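Visitor: Between the sequences and the hints, there should be enough to build the whole structure, so can you do that?
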Amino acid sequence: MKADPKGVLTGAHFLDGDHACSEGAISAGCRFVAGYPITPSTEVVERIAERFPLVGGVFIQMEDEIASSIAILGGAWGGKKVMTVTSGPGFSLMMEHIGLAAMTETPCVFVDVQRAGPSTGLPTQPAQGDMMQARWGSHGDYAIIALCPNSPQECYDLTIKAFNLAEQYRVPVLLMMDECVGHMTERVIIPPAEEIEITPRRFYDGPKEDFLLFKPDADLVPPMVKAGDGYRIHVTGLTHDEKGYPHMSPTAQAKLIPRLVNKIKLNADKIIEYKEDQVEGADVVVVSYGITSRVALPAIEQARKEGIKVGHLRLIVAWPFPEKRIQELAAKGKALVVPELNLGQIFYEVERNAYGKVPVTLVPHPGGTVHNPKEIYNAIKSIRHGG
Amino acid sequence: MKGVEMEDQMYEIEETMPLNPVESFLRMDRMPHIWCPSCGIGTTVNCFGRALETSGLDMDKVAIVSGIGCTGRVAGYLNLDSFHTTHGRPIPFATGLKLANPELKVVVYSGDGDLFAIGGNHFIHAARRNLDMTVICVNNFIYGMTGGQVAPTTPISATATTAPHGNFEQPFNLPYLAESCGAVYVARWTAYHVRYLTKAIKEALAKKGFSFIEVLAPCPTLYSRRNKLGDGLDQMVFYKEHSEIQHNIDTKTATLDFQGKIIVGKFVDKERPDYLTLMNEHYQKKFGDKYTPYKG
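Chains as they are written, first to last, in my numbering: chain U, 1 to 387; chain G, 1 to 296.
Any given hint could turn out to be false.
[Stated by the list, open to error] One-sided and incomplete, this derived list gives chain U residues near chain G with beta-carbon spacing under 7 angstroms:
(1) P53
(2) V58
(3) A67
(4) I72
(5) G74
(6) G79
(7) L122
(8) A227
(9) I233
(10) T236
(11) K270
[Said to hold, decoys possible] Stretch-level coverage of chain U by chain G, calculated; a stretch enters the list once three of its residues show a Cβ under 8 angstroms from a Cβ in chain G:
(12) 94-104
(13) 238-252
In short, the hints are calculated from the structure, not lab data. None of the values given here were measured: they were computed from a predicted structure. C-beta atoms are modelled at their ideal positions from N, C-alpha and C, and glycine is treated no differently.
Guide: Structure (structure tokens):
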């Protein structure tokens, strides 16, 4: 399905990542946004508030992030494509509803413009410290999808992708921006609406008497209806059966929860996206994402100039994690270097998949600014020297 | 032979018995419910069903949202589009549901702890915004599901598991709170006042804007037992003997003391444009013809 031309600002723009994210949401067909101001994400909802009245959307500034994160779930069951936007402290408050969204298979998009934490931390300065929280922050077992843009253009493109994946898999999709990408202004091309591919909601179209709200299709994802369609649905955060009724038993748990994880796990190859540069012939591969993937470039260039064979693998989808690809690289004996704006998060995922076959070097940074490329260069170089 | 005939006869009698009129509003395939014998929540649900029956509403367009707790289970028993959300958050869920699909009549049905402790912030803001929804709070003065802890509605001197020496915190006066925040319809009844309550629910459902009903209900297992107030029936007798109907009273005076006088009635019934009306009017003024009124 193609995008609704209403609201698609086709053309070349000079936008920051936050505003590009707002435009991506509008292009994707998002028409309900609930949010609460928090630096450095606020510009996303400011632009939504500005633009929504004339494109048929409703924006509401809720009383806190807890309210925002569940208002969008109500909005999704009311039939809209929905989003909320926040940063670290607000993201922490939203965790319970990421769990509710996963449990009730509610399509929705959470945007986290990461700043340095923990707690209030450095509100106006970047970090990538919420990557593990994105994956594991709510209690219990579930799966989500998380995307990592590294430019305003990607903030636009990946916001659309986030909505499409949310609808495809009926899952919360997390757009893991960072302060740099959010506040960086660059050229953003918004294509004509007819060139924007949109995934519509998977509305049930079978006979009404056969309808079961949580009966999955072959890809483990159940089709959906909305409130008011006459199906008299019941949606609960309790463990439930295919009808949606609470079922307080290990049997029901064993049927439901693995499916919630498997619908992402077994479709991971279709979901995972990364970009590689000169990985094949490389001895060392830098694995990076978000702003750090750009900071790593001068380090990689410098090392290549000195004759070191360095490849670059940039994660676009961080969760589900490209386990197989890391395993392949490790099997080929490529040393791995992981710079990130935290003290080790995605690093552990890379290390786990390297199975101890190759050295995996973390280039940590507590956030507040980006790495000095020299730190990444030094890490590459020390591997070369067997360090 | 005779026995078999009698059984057949009995079976036939059962088949032809008229259904309880409330049954069509319930998910009978989920019965029996989890509530204790002589708990008041079921009585309020019965009143809700009766109110729906005469409301003239299209039941496919009525959605019910609950939080967590004993009353939080109401959504799961009603044969409507029903949402059992997280603790304290049915109102913001209902906010999103209503704004996304304004043709729905959205009812929030939850308990005092859910709506006024963990969810208190959402209540005051939804009332302030005058979102078009009905909030029914079953107030049993205590946390039931978790085993009888003190609530923001527990009267002074009543005991609870987390106030074993008696409560000394001042409880909320819920009608006063609701009115102060801007609710357009506010009433309080008890599980004893089934006809008044049914009428109040019907009025609240017909009201455009944020309507609020507090229903006092017995919790025989925890509140009554801990405070030696007898069983549910004893509490109903108490409600009957100690309630005083005072419509339109200044809600400030509608406080509740431990086993004291209970002022019930319809306290507020006024007009104020609801959130979406205000939004549409505002943007029409601002943008003129460029703005298409939002209908969902």
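Visitor: Hint by hint, which ones does the structure fall short of?
Guide: 7 and 11
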